[in-house]
Amino acid sequence: MSEILDMFSVIQDNFMHISMWMFPVIFFMAALFYFLLRKEKTNVNFVYLGLGVFIVWLLPFAANNITTFFVKEAFMYGKVLFIIPIVAFVCYAFTEFYYHEIKQKKQKRVWFFLFVVLLVQTGYRFDYDFSVVQTRIDLKKVPEEVEEIAGVLEPFPSKCVAPKEVASTIKEVGISTNVLYGNYVYDTTNVKEMVKTADAHDCNVIIMKKEDDDAEYLKKKGFEHLLETEHYQVYVYLDK
Amino acid sequence: MSHVIQLIWSFYFLILIPVMCGIAWSKLQKRKQKSLSYIYIYGYLLYFSVFYLYARIMLRIGVSFGALAKGWFVTGSILFLIAFFFGFHDIPGVIKENFAYVKKCGKETIIVTILFIAISVFSIIFVVPSEEDATPETLMVTMATDTVYLHDPYTDIVYEEPISEQAKAPIEMFYASICKYTGMTPVKFVHAVLPVPFLALFYFVYHKLAERLFQKNEKEMELFFLFVIFCYSGSIYAKRMGAFGVFQNIWMPQALLLNVVMPFVFYECVNFMNFLMTEDVGKQKKSIKRYILKFVLLFLSASLLHESGGFFVIFLLTISLLTVLIRRLYKKCQKY
Chain H
1 MSEILDMFSV
11 IQDNFMHISM
21 WMFPVIFFMA
31 ALFYFLLRKE
41 KTNVNFVYLG
51 LGVFIVWLLP
61 FAANNITTFF
71 VKEAFMYGKV
81 LFIIPIVAFV
91 CYAFTEFYYH
101 EIKQKKQKRV
111 WFFLFVVLLV
121 QTGYRFDYDF
131 SVVQTRIDLK
141 KVPEEVEEIA
151 GVLEPFPSKC
161 VAPKEVASTI
171 KEVGISTNVL
181 YGNYVYDTTN
191 VKEMVKTADA
201 HDCNVIIMKK
211 EDDDAEYLKK
221 KGFEHLLETE
231 HYQVYVYLDK
Chain L
1 MSHVIQLIWS
11 FYFLILIPVM
21 CGIAWSKLQK
31 RKQKSLSYIY
41 IYGYLLYFSV
51 FYLYARIMLR
61 IGVSFGALAK
71 GWFVTGSILF
81 LIAFFFGFHD
91 IPGVIKENFA
101 YVKKCGKETI
111 IVTILFIAIS
121 VFSIIFVVPS
131 EEDATPETLM
141 VTMATDTVYL
151 HDPYTDIVYE
161 EPISEQAKAP
171 IEMFYASICK
181 YTGMTPVKFV
191 HAVLPVPFLA
201 LFYFVYHKLA
211 ERLFQKNEKE
221 MELFFLFVIF
231 CYSGSIYAKR
241 MGAFGVFQNI
251 WMPQALLLNV
261 VMPFVFYECV
271 NFMNFLMTED
281 VGKQKKSIKR
291 YILKFVLLFL
301 SASLLHESGG
311 FFVIFLLTIS
321 LLTVLIRRLY
331 KKCQKY
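Top to bottom, those sequences are chains H and L.
For reference, each letter of the first sequence is one residue, going 1 to 240 in my numbering.
For reference, each letter of the second sequence is one residue, going 1 to 336 in my numbering.
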C-alpha cells in the first residue's frame with residue numbers, strides 16, 4: 001500500500017512541475033494556433049514575432065549557441081522562452097475569443113470558469129498551500145537574541161559596533177538603532193583598535209561576542225555593561 | 001529618521017526622479033502626446049540606464065558600497081536637476097493632458113484599476129515572497145560589510161568567484177543605495193516600498209500593450225487587463241509561479257525583467273516592425289534615430305536586471321528584423 005502511495009506522490013510531484021513549466025507553454029501554443037487559424041488577421045507583427053521567437057527557441061542550433069555563448073546556465077535556456085510575453089499572448093487570444101466568438105451568456109460563463117481553473121493549475125503545487133497568505137511577521141529571520149538587544153537599545157539614541165550577524169539584522173527590529181557600517185570594524189584580534197575606531201565615529205554601544213569579551217579594558221575606557229545574552233555582551237558608553 | 005522623512009526620500013528616489021526623467025525624455029524625443037504611462041516607463045528606463053553605466057564604472061574602479069551610494073546620491077540628484085531644467089516648461093502640459101485623460105476614463109477602466117490597486121495592496125501586506133528571493137539579505141550584508149557583492153547573503157562567506165562575475169547586473173546595489181539614504185530597514189524597503197513603483201510600472205506596461213492590441217477599444221482593453229491580473233494573481237496563493245511572481249516578488253531581478261521590461265521590449269519591437277513595414281521607411285531617418293535611442297535604453301535597463309538581459313533585447317530585435325525581412329521578401333515574391 002505504501003508503495004502505491006509513493007507512486008502517487010511521484011506522479012503528483014511530476015504534475016506540479018509540468019503544471020508550472022508546461023502549462024504556460026501549452027497555453028501559448030494554443031494561443032498561437034488560434035491566431036494563425038482564424039480568418040480575421042489583426043496585429044500580425046505581434047503574432048509573427050512571438051512565432052519567430054518560438055521557432056528559433058526550438059532549433060537545436062540556436063539552443064546550442066545560446067547556451068554556449070550567452071546564457072551560461074543550461075536551465076536558464078528554458079526561461080529564454082519567457083522573453084515572449086506569454087501572459088499577454090494568452091490573454092489577448094482569450095479576450096478576442098471571449099469577446100468576438102462567444103455570443104451566449106451561459107457559454108461565456110463556462111469559458112470564463114474554464115480559463116480561471118486552467119490558470120490556477122499553473123501554480124507550483126497541485127495542492128495549494130494557503131498558509132502562504134499570512135502576515136510576514138511570523139517569518140522574519142531576526143534571531144531572538146538580536147531582538148532582545150534591540151529592545152534594550154530602543155529607548156535611547158544609539159550607534160553601535162557589532163559583529164556582522166548582529167549588524168545585518170538589528171535594524172530590522174530597532175529602527176532608532178544605528179550601526180557603524182564598514183568592513184572589519186568589529187575586529188576580534190584587536191579590541192583596542194576597535195574601541196579606538198568606535199570612539200572616532202562617536203559610537204556609544206559595543207556588542208561583543210562572548211569569546212572576544214575584554215570586560216576590563218572596556219570598563220577602563222568608560223564603557224558600562226548593559227546586557228548579557230546567550231552569545232553576546234552589550235556595553236554602553238553613557239557620557240556620549 | 002521619522003517615517004514621514006523616510007517616505008519623502010523614497011518618493012524622491014523612486015517616483016520623482018523617474019517621472020522628471022520621463023518628461024525630459026519625451027521632450028528630447030519631441031513627442032506631442034505625453035501620457036503618464038509613456039513618461040513613467042521611459043523615465044524608469046532612463047533612470048535604470050544611467051545607474052547601470054554609473055555602477056559598472058564604479059565597480060570596475062573597485063569602490064566600497066558607501067562610496068557607490070554617496071556617488072549615486074550625487075549622480076541621481078544631478079540627473080534630477082538636469083531633467084527638471086530641461087523639462088520644466090512641459091510639466092503643466094503633462095498634468096493637464098493626463099487630468100483630461102483621467103476624466104475621460106470609462107467605468108471599466110476605473111473598476112479594473114481599483115481591482116488592481118486592491119490586489120496590489122493585499123499582496124504588499126500579506127503575500128510572503130518566494131523562498132528564492134535573497135534581495136533583502138543581499139542589501140543587509142552589503143550595508144553591514146560596506147562591500148559590493150563580496151559576501152554570500154546567507155552565510156556571510158566571501159565569494160570565491162571574482163567580483164566582476166557577480167556584479168554584471170547590479171540592480172541590488174541600486175536598491176541598496178536608495179535604501180541607505182531613505183534610512184529604512186532593507187526588508188521593509190524591499191517588501192513594502194519597492195513594489196509600489198514597480199507595480200505601477202507593470203500596470204503602465206500592460207496598458208501600453210493593451211492599447212497596441214485593441215486600438216483603444218476600452219472594453220476589450222480592460223477585459224484583457226482583467227485576464228492579465230487573473231493570470232498573475234496566482235502568485236498570491238501558490239508557493240511558486242514560475243516566472244510570473246509579480247504580486248509575490250516583483251523586485252526580484254528576473255521577475256522584473258521577464259514581467260515588466262521584456263513585455264515592453266516586445267511592444268517596442270512590434271512598433272518597430274510596424275514602422276519598417278511602411279512603404280516610405282527610408283525617408284524617415286529621424287524616426288530610425290529615435291528607435292535606436294529607445295533600444296539603447298532598453299538594452300542598458302535589461303542589462304542592469306540580468307547579465308543576459310542585454311542579449312535578450314538583441315535577440316528579440318534580431319528576430320523582429322528577420323521577420324520583417326521575410327515578410328517583405330514574401331510580398332515581393334507575391335508580386336512576380
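Hints may contain errors.
[Said to hold, decoys possible] Below are the DSS-like pairs computed for lysine-lysine, each with C-alpha atoms no more than 30 Å apart in a straight line:
(1) H:Lys39 x L:Lys219
(2) L:Lys216 x H:Lys39
(3) L:Lys104 x H:Lys105
(4) H:Lys41 x L:Lys294
(5) L:Lys70 x H:Lys164
(6) L:Lys168 x L:Lys216
(7) H:Lys108 x L:Lys219
(8) L:Lys104 x H:Lys108
(9) L:Lys332 x H:Lys39
(10) H:Lys103 x L:Lys96
(11) L:Lys216 x H:Lys41
(12) H:Lys103 x L:Lys107
(13) H:Lys41 x L:Lys208
(14) L:Lys168 x H:Lys79
(15) L:Lys70 x H:Lys159
(16) L:Lys219 x L:Lys96
(17) H:Lys106 x L:Lys335
(18) L:Lys208 x H:Lys108
(19) L:Lys27 x L:Lys104
(20) H:Lys196 x L:Lys70
(21) L:Lys219 x H:Lys106
(22) H:Lys105 x L:Lys107
(23) L:Lys208 x H:Lys39
(24) L:Lys335 x H:Lys39
(25) H:Lys39 x L:Lys331
(26) L:Lys285 x H:Lys105
(27) H:Lys41 x L:Lys96
(28) L:Lys216 x H:Lys103
(29) H:Lys159 x H:Lys105
Note that these hints are calculated values from the structure, not bench results.
Does H:Lys159 lie within 30 Å of L:Lys70 when you go C-alpha to C-alpha? holds, 20 Å
Within a Cα-Cα threshold of 30 Å, do L:Lys104 and H:Lys105 meet the stated pairing? Given that 30 Å is the threshold and the Cα spacing comes to 29 Å, the pair holds.
For the pair supplied as a hint, H:Lys39 and L:Lys331, is the alpha-carbon distance within the 30 Å limit? holds, 19 Å
30 Å Cα cutoff - pair L:Lys332, H:Lys39: Satisfied, since the Cα-Cα distance of roughly 23 Å is no more than 30 Å.
Hinted pair, alpha-carbon criterion (30 Å max): L:Lys335, H:Lys39. Please report holds or violated. Satisfied, since the Cα-Cα distance of roughly 22 Å is no more than 30 Å.
Measure nothing beyond the straight line between the CA atoms of H:Lys41 and L:Lys208; if it is 30 Å or shorter, mark the hint as holding. holds, 20 Å
Hint check: H:Lys108 vs L:Lys219, CA-CA at most 30 Å. Holds or violated? holds, 16 Å
Hint consistency between L:Lys168 and H:Lys79 [alpha-carbon to alpha-carbon, up to 30 Å]: holds, 19 Å
Between H:Lys106 and L:Lys335, does the CA-CA distance stay at or below 30 Å? violated, 47 Å
Please work out if H:Lys103 and L:Lys107 have their alpha carbons no farther apart than 30 Å. Distance ~22 Å between H:Lys103 and L:Lys107 Cα, so the pair holds.
Does L:Lys104 sit within 30 Å of L:Lys27, going by the straight-line distance between their CA atoms? Since the Cα atoms of L:Lys27 and L:Lys104 sit roughly 24 Å apart, the hinted pair holds (cutoff 30 Å).
Would you check the hint for L:Lys168 and L:Lys216, treating anything up to 30 Å between C-alpha atoms as holding? violated, 39 Å
Of the hints listed earlier, those the structure fails to meet are numbers 6, 10, 17, 26, 27, 29, in rising order.
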